[in-house]
Structures are given as structure tokens and as C-alpha cells.
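2 protein chains.
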Amino acid sequence: MSKGPWLDGDEQKVWRSYLLMRKTLETHLERHLQREFGLSKSDFEILVNLSESESGRMRAFELSRSTQWEKSRLSHHLTRMEKRGLIRKEACDARYPEIVITDEGLRAIRDSAPAQAARVREFFVDVFGPERFAVLGEAADEVVAAIEKHCDTDCSLVDRS
Amino acid sequence: MSKGPWLDGDEQKVWRSYLLMRKTLETHLERHLQREFGLSKSDFEILVNLSESESGRMRAFELSRSTQWEKSRLSHHLTRMEKRGLIRKEACDARYPEIVITDEGLRAIRDSAPAQAARVREFFVDVFGPERFAVLGEAADEVVAAIEKHCDTDCSLVDRS
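So the sequence lines, in the order shown, correspond to chains A and B. According to my numbering, the stretch in the first sequence is residues 191 to 351, in order. According to my numbering, the stretch in the second sequence is residues 191 to 351, in order.
Only chain A is shown next, with the shape it has when bound in the complex (with noise of 0.2 angstroms):
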């Protein structure tokens, strides 16, 4: 008999633990990045995307691509961090401006982010250990592909406009 949609028992167990494993770790990291740096998560990704890249500037659809935020709420964040000198929109071209991370914003995550390194270090790569931890990264890339290659003829994944 194939298996209906819901879950058995022991597949519930695993799949609930990955959820609390994946909150519990997230709002961890995230209270420390607001409480020691004042950063919130959304921040933090922005500055970690633009740091990285070549010049320290992007074009807003290349960071809705990487983010998979929708258009409307990266356009809001954007403006929030402008505001408080993050970032700072160049219109070179009147409908795509770039991002630019500024010198406070470089400086933001250049603070911040040892600290996070170190704590992802501690409560996740550990605790897992070197084999465990290549085993997800295996399996994380495979559930990747097998969502990519499902959108890619039936939905729409994110928004590539």
C-alpha cells in the first residue's frame, strides 16, 4: 500500500524536531545579532549579500533573487536600512537603481558577523560533528534540486521579474 500525505508516526517525530531545531536556532541567533549589534536577521542578510559581492553593490532584483523576498517587503526593508545609513540607493538607471552597502553598514557586519560565525559554530556545526554535518549538506543540496526542479515546470518559485 503507498503511503497517503500525512506523515507516520516516527517521520512526525524527525520532521517536528527539525522544525524546533531550525526555530529554537534561528531566534537564538537572531536575539543576539539585535541585542549585541542592533541588527534584525533581515539586516543581517542584506549586509552579508552586498558585502559579498564584488563592489559592495547590487541591483535590487539581484537581491530579491538571493533572498527570495518578495519585491514589495525588500523594497520596504531597503528603505528602512537607508534610513539608518546601512545602505544607500544609487540611481544610475531610473528603474533599477543599485544598493550600495555604506562604510557604516561594512562596518556593521564586520562586527557582527564573527560573532555569529561563532555561535553557529558552537550550537550547530559541533554539535552535529563532521559526519552529520556533511550528511545534511548532501541531503540539503538533493531537496534543493528536487524543489528547483519541480518549479521549474510547475510554479513559479520566486519572483523573477
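One or more hints might be untrue.
Given that identical chains are not distinguished, each listed pair holds provided it fits within a single copy or across any two copies.
[What the hints assert, rightly or not] List of simulated lysine-lysine pairs, DSS-like, C-alpha gap at most 30 angstroms: (1) Lys-339 <-> Lys-279; (2) Lys-261 <-> Lys-339; (3) Lys-279 <-> Lys-261; (4) Lys-339 <-> Lys-273; (5) Lys-203 <-> Lys-273; (6) Lys-213 <-> Lys-279.
Calculated from the structure, these hints are not laboratory results.
For chain A, the structure is supplied; the task is to place chain B on it using the hints.
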């Protein structure tokens, strides 16, 4: 030499794979939930909690604990769900109203949960396969335990008020 806070190349790669899986899977599940059933992931999370509670009712502080949401976020979201008829507040105690799932809320979760479960199975459980899925569950529990142990002594993970 002990490792510094930074993740090394392989660790960084797996961490990124994990983050991408988490986001891709979550985005995929959320978009379908919204399109097919008009529910956000926050609606779904509240409805799952209430529908699994003993009598379809919980105190707000219990919901806050199980969702790990801040009180103000929870309160705003419950107000919006009440307006849409998915829950109602029953003031058996002026300070701590009970949150009760309505018939409409029950219908919403009964309609949407099997479709969500089927997607979780197809794109997550089946892609991992039983062995790797069991490894994930075991490690996930250890990550949660490590953060809880740390937070018992060093920080308040959730708002326990």
C-alpha cells in the same frame, strides 16, 4: 591550534546549503499554503497548535511559548485572525483570555494540513530517505538541547512572562 570563530570552507559550504534548503522549502510550502488556502505560515502555525490542544483552546502565554513569538507579535496576529473568523478570544480571566479555534479555523486546518504534509513528504522526507532523516532528527534534538542548556544559565530564549 584551536579553530577560530570563523567557519572553514567545508563548514561554510554546508551551513549555506542548510540555509538555502530551509529557505527554499519554507518559501515553497508558504506559497502553496497562501495560494491554495489563503493562509500565511503564521496562521497555519497558530491553527496547528490550537487544533492539537486538548479542547481547541490555549492561553496566549502557552501559544507564545510554543511558537516562540514575542508577545506583541502574537497579540497583533491573533487580532487579525479573530477578524477573519479563524479564532476567537474568550475572556474567562480578564488578563489571560483563552484563544479558541472556531469552526472556520478547524475547517481551514483540516483542508490545508494534508496538502502541506504531502509536500513535506515529497520534497523533504522522501528526498532525505529513512537513514539520513533519522540522523537529522537525532542531531536536531541535540542542537535544541545544547541551546536550551546554554539558555538556562546564560540568556532567556523565550519570553516566559
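Of the hints stated earlier, which fail here?
Violated: hints 1, 4, 5.
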